[in-house]
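Novice: Sequence positions in the sequence shown follow my numbering and run 4 to 121.
I should point out that these hints are in silico values taken from the structure, not numbers from a laboratory.
Hints may contain errors.
Stated by the list, open to error - Derived pair list, reagent style DSSO-like, types lysine-lysine, alpha-carbon separation capped at 30 Å:
no., residue 1, residue 2
1, Lys67, Lys89
2, Lys89, Lys46
3, Lys67, Lys46
4, Lys78, Lys67
Everything numeric in this text was worked out from a predicted model, so none of it was measured.
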Amino acid sequence: QVQLVESGGGLVEAGGSLRLSCAASGRIFNINVMGWYRQAPGKQRELVATINSGGTTVYTDSVKGRFTISRDNAKNTVFLQMNSLKPEDTAIYYCYCNAYSMAWDLYWGQGTQVTVSS
Numbered sequence: 004q005v006q007l008v009e010s011g012g013g014l015v016e017a018g019g020s021l022r023l024s025c026a027a028s029g030r031i032f033n034i035n036v037m038g039w040y041r042q043a044p045g046k047q048r049e050l051v052a053t054i055n056s057g058g059t060t061v062y063t064d065s066v067k068g069r070f071t072i073s074r075d076n077a078k079n080t081v082f083l084q085m086n087s088l089k090p091e092d093t094a095i096y097y098c099y100c101n102a103y104s105m106a107w108d109l110y111w112g113q114g115t116q117v118t119v120s121s
């Protein structure tokens with residue numbers, strides 16, 4: 004099995020920055036895509052950013068130019084640097100990965116709260 008543990012959420016004022024981290028552990032033979040989703044109160048979960056093993060990144064339009072996703076393949080860890088935060092970025096942020104353990108599957112973290120005050 005694969006476990007994902009997130010850290011780095013918290014409360015920040017608008018315009019501030021936070022850095023999220025997510026480390027995958029367990030019986031892992033390979034990880035393809037890693038990334039972040041978020042879910043705000045009363046809204047559906049939405050994709051924030053993804054990065055594949057080759058370093059190719061994808062961002063949702065609302066975070067382009069403000070958020071940067073990166074990963075450390077040797078440590079099975081993905082990061083999300085969030086700058087110029089806005090109140091509308093307030094959400095629970097979930098890390099995920101597409102990993103090969105017993106088979107290829109999607110794995111999710113428990114979520115970390117990000118709150119941006121105006």
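Novice: Name the hints, by number, that the structure is in violation of.
Specialist: none
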